[in-house]
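In case you want the letters, here they are:
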Amino acid sequence: MQAYVTLTRREMGSFFYSWIGYIVIAGAMFLMGLEFVTLLDKLQGEPTSMPLTEIFLSFCYWVIVLFSTPIITMRLFALEKYSGTFETLMTTPVSDWQVVLAKFTAAMIFYMLMWLPFLACVLVLRYFAKGSNLLDPGTLGSTYAGIFLIGSLYMSAGCFASSLTRSQIVAAMISFAIGLAFFLAGFMADPMPLEQSWAGQALNCINVMNQMKDFASGVVDTRAVVFCLTTTLLFLFLACRVIASRRWK
Amino acid sequence: MMIEVSNLTKNYAGNTAVEDVSFKVERGEIVGLLGPNGAGKSTTMRILACFIPATSGTVTVAGLDVCTQADEVRRRIGYMPENNPLHPEMRVREYLKFRARLKGLSHHRSRERVDAVLSQCGLESVSKRIIGHLSKGYRQRVGLADALVHEPELIILDEPTIGLDPSQIRSVRQLIKDLGKRHTVLISSHILPEVELTCNRVLIMREGRILAADTPENLQKAVGKNGHLIAEIAAPLEELKTCWEQMPELAHYTIAATEGPYHRCALTLSGSHDLRPKIFALVVERGWKMRELVRVRHSLEEVYIRLTRPESEEELH
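Protein chains in written order, with this note's numbering: chain A, 1 to 249; chain B, 250 to 566.
Quick caveat, the hints were computed from the structure, so don't treat them as lab data. Keep in mind it's a predicted model, so treat the numbers as computed, not measured. It is possible that some hints are incorrect.
To be verified - Per label pair, the in silico range of CB-to-CB distance: (1) A/Leu-184 <-> B/Asp-414: 36 to 44 Å; (2) A/Tyr-17 <-> B/Lys-273: 38 to 46 Å; (3) A/Leu-43 <-> B/Ser-384: 56 to 64 Å; (4) B/Ser-368 <-> A/Arg-241: 38 to 46 Å; (5) A/Leu-234 <-> B/Pro-442: 49 to 57 Å; (6) A/Ile-109 <-> B/Ile-379: 18 to 26 Å; (7) A/Trp-248 <-> B/Ser-255: 52 to 60 Å; (8) B/Arg-360 <-> A/Ser-18: 39 to 47 Å; (9) B/Glu-402 <-> A/Leu-180: 49 to 57 Å; (10) A/Ala-145 <-> B/Lys-273: 54 to 62 Å; (11) A/Ala-177 <-> B/Pro-285: 41 to 49 Å; (12) B/Glu-466 <-> A/Trp-248: 42 to 50 Å; (13) B/Glu-402 <-> A/Gln-201: 54 to 62 Å.
What the hints assert, rightly or not - Facing chain B, according to a computed beta carbon distance under 7 Å, are these residues of chain A, among others: (14) Tyr-17; (15) Gly-84; (16) Pro-93.
The beta carbon of each residue, even a glycine, is placed where N, CA and C say it ideally should be.
This is chain A alone, in the form it adopts within the complex (with noise of 0.2 Å):
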């Protein structure tokens, strides 16, 4: 436990070390920024029945985290590689599991840190529009559990791709990769039959970008959250394989 707290401090401190934490935030806040001011420009012009939260993160949401991920996790495993502080690492009495543990937790940590601004946007309409229940607690909630979900599924797949490489660009790469398969298996699955195929269903149930759509309009769909989960475990298990791997060679 002392081992795992010391490494996610120690991981979410090498975030703010470099510039590349700041940057990652401000292009995030960027991004957040226009897409309010283009929802503040929309709720002036006409009325609307969706949940602004499903508003807000329509186009912004997809761009920060696919961009963001493969950043925010291409370093975790593979500076460490690349520089040699992975021998110094594993040569300490922590176990494999705490290793990846901590570096995911870390790039969630973080990961949430970046999406805060957007928790102030909210509260910024929210004081102007006083009155109007358009912005309800519930949904509010469950948007965060989406980001919070699908993010997790994000980070462990950056974690897994950062662990097979010593290169940060390949990391980086690979990463974006998986990342962008789940999300375009949201297009995929759009135009199949959905009870018919089973290739449509398949499509359906990693059909991230659709999950995203319902959590942000406050719907809590069980698939969905099991989905992520197992697929988060999947990712770090498939890390942890990897680093364990060196006995094997």
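Given chain A, put chain B in place with the hints provided.
Frame of chain A; chain B shown alone:
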């Protein structure tokens, strides 16, 4: 017994890095692992530090198996890998504190130990500096401090003085010598004087095998059966030559000119007896002048070169 390695073999994807190596290290010894690049030193050390497992053979540290009781072994070992990897963005004290906590020390204890190793390694003045901004010598000391911070019984240092300037090498060497008073130390090196000066015992490796294991003195004796003498004598060259030729104990001689009337003679003896009194008597008898007469000690370097020279090269000589 601190380390017991028996029949250790390590294969990497078809290549054999270490082959059937056995050795023992007693508590409190400073042992040097010596060999050319690619001899299997680092691999042996990585196995000892539980980073990679052996293909076959058993390795125990303080009676614990490195494979099955890895966590316990890691607690007892301070390991500094080759090239001394550090986190360049962290500050010295912060890094050592992080490593101490990672190795399971309590808050209070880790603070104590970090202070202790900072002063032991002479790092107090740079404790707040960022590691990436330090000179190589200081970084090496940070690596050493990290290896020491949890008070391990066994310290394993892979090439601790690589890339340092002579004065830094001297200070690191002194540090290692001091460590030997309280810990067991295993260092690897391909730099001879380092091993010769710091270690009680030397293991010479080549191509994954141990070729010799003994104290530096014994190794020197084993190779230096035939003595060598250097004498600088002022005498007529021809007379000197006939003198050497008539001396039955001499196997071989060469004469080189030096400044002034002196000739520098390198003499190889056929036995191990001491010829110096006889040469001195000869010089006095002939009324020559002599300004130097020394016996050349075989350095460990010759032992090393002789043992680690690849076979093909040996045939050429």
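Hint by hint, here is what the structure shows:
no., hint, verdict
1, A/Leu-184 <-> B/Asp-414: 36 to 44 Å, "violated, 56 Å"
2, A/Tyr-17 <-> B/Lys-273: 38 to 46 Å, "holds, 44 Å"
3, A/Leu-43 <-> B/Ser-384: 56 to 64 Å, "holds, 60 Å"
4, B/Ser-368 <-> A/Arg-241: 38 to 46 Å, "holds, 43 Å"
5, A/Leu-234 <-> B/Pro-442: 49 to 57 Å, "holds, 54 Å"
6, A/Ile-109 <-> B/Ile-379: 18 to 26 Å, "holds, 24 Å"
7, A/Trp-248 <-> B/Ser-255: 52 to 60 Å, "violated, 23 Å"
8, B/Arg-360 <-> A/Ser-18: 39 to 47 Å, "violated, 27 Å"
9, B/Glu-402 <-> A/Leu-180: 49 to 57 Å, "holds, 51 Å"
10, A/Ala-145 <-> B/Lys-273: 54 to 62 Å, "holds, 59 Å"
11, A/Ala-177 <-> B/Pro-285: 41 to 49 Å, "holds, 43 Å"
12, B/Glu-466 <-> A/Trp-248: 42 to 50 Å, "holds, 43 Å"
13, B/Glu-402 <-> A/Gln-201: 54 to 62 Å, "holds, 60 Å"
14, Tyr-17, "holds, 4 Å"
15, Gly-84, "holds, 3 Å"
16, Pro-93, "holds, 4 Å"
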